[in-house]
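Chemist: Residue strings, one per chain:
2 protein chains.
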Amino acid sequence: MHDLTIALDAMGGDFGPQVSVPAAQQALNLFPQLHIILVGNQAEIDPLIKHCQLSQHPRLRVIHASETVAMNDKPLLALRGLKDSSMRVALNLVKSGDAQACVSSGNTGALMALSKTILKVLPGIDRPALITALPNVQGGHTYLLDLGANISCDADTLFQFALMGSVLSEKVEGQAFPKIALLNVGEEETKGNDQVKRAAQLLSACSQINYTGFIEGHDLFSGKADVIVADGFVGNVTLKTCEGLAKLFKQQLISSINQNWFTRCVGFLLKPSLKPQLAHMNPDLYNGASLIGLRGIVIKSHGSAQSKAFLNAIKAAIKEIERQVPAQITDKLEAVLLERDS
Amino acid sequence: MHDLTIALDAMGGDFGPQVSVPAAQQALNLFPQLHIILVGNQAEIDPLIKHCQLSQHPRLRVIHASETVAMNDKPLLALRGLKDSSMRVALNLVKSGDAQACVSSGNTGALMALSKTILKVLPGIDRPALITALPNVQGGHTYLLDLGANISCDADTLFQFALMGSVLSEKVEGQAFPKIALLNVGEEETKGNDQVKRAAQLLSACSQINYTGFIEGHDLFSGKADVIVADGFVGNVTLKTCEGLAKLFKQQLISSINQNWFTRCVGFLLKPSLKPQLAHMNPDLYNGASLIGLRGIVIKSHGSAQSKAFLNAIKAAIKEIERQVPAQITDKLEAVLLERDS
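Going down the list, the protein sequences come from chains P and Y.
Residues in the first sequence are numbered consecutively from 1, following my numbering.
Residues in the second sequence are numbered consecutively from 1, following my numbering.
Isolated chain P (complex conformation) (with noise of 0.2 Å):
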């Protein structure tokens, strides 16, 4: 691994530095040849660099910034208003050199809107997407796409986001020619709205990427694919109803342990057994969505991620770094587009 820096927007998300910096500090164990730069206002965040005894690190940077995005904040006043915000200085970072890539718990929808007018967007790429990895049944990854950054998506968008989900998988994943699969209400080919079906013809037409068909949604976590495309509003609605769901069974478990004492024994007498298998459904596993299709690397926290979660999108970012994801999206674009003109 070569050196590479990552720009953290120290105070986004709902803890702050109270997480950003904990996990800055895992991650610079972790990793050598890492540097990090925290972005932030100074006089909230040296406080805790003290209490990690980080204040001499030799790869820890602190560059102030006077303004924060608040979670409920407008992207318009996060675009026009905050001009020092630690999410704009932290992109600006990434469009400088600076840093390789900026990591950030805010404000979503303000991270999309600064990120997009700061870094632009990837040539022949028309939109960014939000984009996560999901556990499937058979040990992998499946990756979804978009999760909200566009609402309403024509045929050609979601063509190009099976395209760098494609990259995404292959590069970061190591998944050779991964499965793409379009999220429909069936599997005919006649099922389906205008733009999915129109991508569907799109993507059967194209050598340069491994189009499976449509997957409806009992199959997410199937592996039948290995990246999934959705427009933004259903992408969203899917990762957030399956969050819910997670929620809600583990709960049920939990108070089914918990009823008795009787329970309660029996429970932690089958805890080493149910840990390893619910371990790989744990969503701080999978925090960490990678807002594709720009000329840079954004990984977008759950804004409400602790420390361990923060530095799995930390782990992200790196591997984005390393596998150089932006330049081979162009790539594989420009391959795309030599096969239509040929």
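Be careful, since some hints might not be right.
Listed below are the simulated SDA-like cross-link pairs for lysine to any residue, each with C-alpha atoms no more than 25 Å apart in a straight line [as the list claims (entries may be wrong)]:
{"id": "1", "chain 1": "Y", "residue 1": "Lys247", "chain 2": "P", "residue 2": "Glu187"}
{"id": "2", "chain 1": "P", "residue 1": "Lys275", "chain 2": "Y", "residue 2": "Arg264"}
{"id": "3", "chain 1": "P", "residue 1": "Lys191", "chain 2": "Y", "residue 2": "Asp126"}
{"id": "4", "chain 1": "Y", "residue 1": "Lys275", "chain 2": "P", "residue 2": "Asp194"}
{"id": "5", "chain 1": "P", "residue 1": "Lys224", "chain 2": "Y", "residue 2": "Arg127"}
{"id": "6", "chain 1": "P", "residue 1": "Lys250", "chain 2": "Y", "residue 2": "Lys275"}
{"id": "7", "chain 1": "Y", "residue 1": "Lys247", "chain 2": "P", "residue 2": "Gly303"}
{"id": "8", "chain 1": "Y", "residue 1": "Lys250", "chain 2": "P", "residue 2": "Ile151"}
{"id": "9", "chain 1": "Y", "residue 1": "Lys247", "chain 2": "P", "residue 2": "Pro135"}
{"id": "10", "chain 1": "Y", "residue 1": "Lys250", "chain 2": "P", "residue 2": "Phe262"}
{"id": "11", "chain 1": "Y", "residue 1": "Lys191", "chain 2": "P", "residue 2": "Gly81"}
{"id": "12", "chain 1": "P", "residue 1": "Lys250", "chain 2": "Y", "residue 2": "Thr190"}
{"id": "13", "chain 1": "Y", "residue 1": "Lys271", "chain 2": "P", "residue 2": "Phe262"}
{"id": "14", "chain 1": "Y", "residue 1": "Lys191", "chain 2": "P", "residue 2": "Gly303"}
{"id": "15", "chain 1": "P", "residue 1": "Lys83", "chain 2": "Y", "residue 2": "Lys247"}
{"id": "16", "chain 1": "P", "residue 1": "Lys191", "chain 2": "Y", "residue 2": "Lys271"}
{"id": "17", "chain 1": "Y", "residue 1": "Lys224", "chain 2": "P", "residue 2": "Ile151"}
{"id": "18", "chain 1": "P", "residue 1": "Lys247", "chain 2": "Y", "residue 2": "Leu134"}
{"id": "19", "chain 1": "P", "residue 1": "Lys247", "chain 2": "Y", "residue 2": "Asp126"}
Covered stretches of chain Y (in silico footprint by chain P; criterion: 3 or more residues with CB under 8 Å from a CB of chain P, positions within the stretch not fixed) [to be verified]:
{"id": "20", "region": "228-235"}
{"id": "21", "region": "242-249"}
{"id": "22", "region": "267-274"}
With the Cβ distance kept under 8 Å, some of the chain P side facing chain Y (calculated, not the full set) [what the hints assert, rightly or not]:
{"id": "23", "residue": "Val185"}
{"id": "24", "residue": "Asn193"}
{"id": "25", "residue": "Phe233"}
{"id": "26", "residue": "Ser273"}
Hint data in this document are derived by calculation from the structure and do not stem from the laboratory.
Source: prediction; values computed, not measured.
The C-beta atom is built at its ideal place from N, Cα and C for all residues, glycine as well.
Using the hints provided, position chain Y relative to the given structure of chain P.
Modeler: Frame of chain P; chain Y shown alone:
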């Protein structure tokens, strides 16, 4: 309970009369006022009726239908080609008044197309919707619609779905002034696509409906809403995602418990505590989606339903007959139109 008659499409689903006949037997035993008409291939039904000792049952009748809509038949074939299908004959019994409801496990697309053509939509309703009840953490039920009858929906259609869902929740669940929400990518007014935003305005302006705002995927099971409205694409993907994830959790739990003899013993001890907790989530309990908005009652049972689940679909039909759901929808719609005109 007055006498009532339900027509069963005996041939539908993956198992046809193997499931519908035993379910009919259970329903006849449970409800002394219930009459059932089994519609389908007499040669296939008769041996099963004999086996269930129903041959002389005073409240059971068989009507022969020479054709069956296959699970993968196109709706157009069911509509134009199969003139004597069990599904069509069962729906015609509702149209003629010989039955008050039809229950089918058959091809969803065909059932929707035939129902719309034979029974017609209620006055003032543009399109029927598919609606089902989901469990929520408050121990109650939340209705979700549309589940796929209408892939794209404008704001007026979403408004009508909200109205129909409100009637079902009030009349069938006994929920006073049910809380209605629109499924969206965020709770803020500015979030979502044009249809959803416009539907929110229509619902906010209507005093007959207890509209509570947007709801996100993670709150599907929270009980924050009694009825959640989405277009058929989003509703279908959401429901199927839940089905897939529920199955995955069950598998993970079972495989944790089946790891070795020790965990199997411990799992056995935990079973009496786990079972009632998880019973509330059993999908069989929620079998029976209603095709709402028609001049008659049509219940869609899951294609893979076993007799216990099919029985629940029959129970759903009985409830809708008793509560006169179609007439109640018309009344509610009239009240809404009166308010708009005044």
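Chemist: Which of the numbered hints are not met once you compare them with the structure shown?
Modeler: 4, 5, 7, 8, 12, 15, 16, 19
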